[in-house]
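Asker: Protein chains in written order, with this note's numbering: chain L, 27 to 421; chain Z, 3 to 296.
In case anyone wonders, no lab produced these hints; they're calculated from the structure. Being a predicted model, the structure only gives us computed values, none of them experimental. Ideal Cβ placement from N, Cα and C applies to all residues, glycine included. It is possible that part of the hints are untrue.
[Said to hold, decoys possible] Computed footprint of chain L on chain Z, listed as stretches where at least three residues anywhere in the stretch have a Cβ under 8 Å from a Cβ of chain L: (1) 18-24; (2) 82-94; (3) 156-163; (4) 205-211; (5) 273-283.
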Amino acid sequence: MPSVSDTRPDRAALAARQTRFDRVVRVVKVAALLVVAVLVLSFPATAANPFILSVGVIIASYAAFAVGWNFVGGFTGYISLGHAAYSGMGGYATALLITRLEWNPWVSLVLGAVLVAVVAVPIGIASLRVRGASFVIVSIAVVLILLLVSQSWAGLTNGSNGLRVPRPFGPEVLRPEQHQRFFYLFVALIAVALLVWWLIDRSRFGMGLKAIREDEDKAQSLGVPTFAYKLVVFVVSAFFTAMAGGLYALWFGNLDPVFQFSILVGSYMVLMSLLGGIRSLFGPVLGAVIVGYALEFFKVNFGDTQFHLVALGLMLALVVLFMPDGIIPAVAAGVKRLGPQAGSIREMSAADLLEDNRRRDREAQERASRTEPATSQAEDDDTTTEREHVGGSAR
Amino acid sequence: MSASLLLQGVILGILLGGLYALLAAGLTLYFGVMRVVMIAHSAFLILAAYIAWWMNTSLGLDPLLSLVVTVPSFFVVGYVMQRGLLSRLRPATLTMMSVLLTFAIALTIEGALGYFFTGTQRRIQLSYASASFEVLGAQVAVVKLVAFGLAVVALVALWAVLKLTSFGQALRATIQHPEAARLLGIDTDRIAGFGFGLGLATAAIGGTALSLDSTIYPSLHWHWIGPLMAIIVIGGLGSIPGAAIAAMLLGVSQALLQIPLGTTWAQTVFYVALFATLMVRPQGFFGGRLAQRF
């Protein structure tokens, strides 16, 4: 058995190497972030033609949807297949405020999203009462209801004919220029949403939400107000998704209920977030870039056929079966493998643990002997507790 | 609303409710054996309807004959799907991931149907399609009655298999308590696969019944999955009698509401009932212990 003295310096060296490696990783991360930011911001200037630019806008809108979705999916682990309800409602709210009340488009966009967030409160209260599969069912049901309503209530939504949304910029702004502006608007929205996600991630609130994701019953028994937490993050998610939906409506200029309240759009958000990694900040954005590009590729190459559905279905199945944690966690694990190896053995070796426990037991005994004299009975117990402690470390 | 119109509505509702009950029973079976909500159930329903339509138009066979092909093949597909795909998912995230996986299967089926048969609406032309008879002043179409008869026969057969055979006993034991069933020497993995196959076979029968008197198109399954999901949640996930009762009640209410509101708004009855149930009794009305955490 190795003695304590020859493992300790090793571990100290390992820890030092680990901090050095971590510092390198952090520098690389920041550098990569800067490069990506520069690339994203210069994309409209470097895009070859307006079509590429419009694809960029579509992918940016997908990323905004996915980040909005990930407030619920990533923190609480509640997978909503029906987030198209909020993007669709955001689009309709914005469009209706502009056309019916003739409000300023940007005011309509924000107030529309606020309205959707208000509507999301009762929906959240109803649907967050159930977990897992039932929650998914309810989220789908919400989209189907809204589809029925938006198609039938022709007086308000113009039914299946769709609703035209006036452009927020004057006629002097040409199409490519529009794409450019909307691209930056989407990027700004994504940045704000990511900032909020990051803030929640570091907060006590976020900790409670993640506890819900890992084990809701335990979180509740530890005193996390689970229902209130879930509801708040649900409403935040609805707000950001609705903002993205409203922005999309302003850009696209036309709303068709079949596309606004489509389960497909909701499943895009899930696929993108899962592929990138729902537990990581940039996961949904990365997923949106990959899936969004793939979707546009399929649409261009297979055009009118329904083949893009098959492609989407297969992609989703592959991700679920083989990469349920997403790309970013997989890459992070790979990077960790490059660093100094601590192996799968826990930081404290069994010998150390034994030593530690012996010391602790001795201390406890000394403390006990100060109040009452130690007996031979306690000596016998000592060996069994040791064995238990070591056994516990293996678990 | 005249009395005969009301009666007509009730009869239509019961005929429709029979089909809902059969399909909801299939969904309940999946949920029972694996705690899986099978979104692709209605996609398989439409697939079976397409097979019936295809055999009718290209081979000239009566759609009922397609059952000979679809029921056994769907049983096998169900078994393979459970053993090969769903049982591979991590137990910790099974509920969520299985929803996504079956959703992916549904998308693939819808896309493949659209790819091979295009999105055109299809309908089987039957010699007895327009035949109907009168019951107390209400018109009942023969095809609807045939579809209902098919659903009832299938439900009774399902009941008989579950209650009277030793396989059914093993399946019910697996649903109630998998660990205990394993201790008794039941191969629960295989039984779960068979349970899945049985559930998918109900989709085959339902699809044939559906093809008799409805126009079908690839994306039709979305119109079925919503109501079916609502039915099993209201009935209480995992309870076949609950699902059947909820199916009948909602089928009749839908048919009755169609008279004053029209077909589109009448569909919302499922969702209104779903949300009312969640507010009053989130575990559903018959599910009890099983459904609570799902």
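Asker: Against each hint, give a clear statement of whether it holds in the structure.
Answerer: Results of checking the hints against the structure:
Only residues whose beta carbon comes within less than 8 Å of a beta carbon in chain L count, and the region 18-24 of chain Z has 0; fewer than three means the coverage is violated. Under a criterion of three residues with beta carbons nearer than 8 Å to beta carbons of chain L, the stated coverage of the region 82-94 of chain Z is upheld, 4 such residues being counted. Remark: the region 156-163 of chain Z is not confirmed as covered by chain L, as 0 of its residues place a Cβ nearer than 8 Å to a Cβ of that chain, below the required three. Given a C-beta distance limit of less than 8 Å, the hint that chain L covers the region 205-211 of chain Z is violated, as 0 residues qualify and 3 are needed.
Restraint check on the region 273-283 of chain Z versus chain L: 5 residues with Cβ-Cβ distances below 8 Å, three needed, restraint holds.
Comparing the model with each earlier hint shows violations of hints 1, 3, 4; every other hint is respected.
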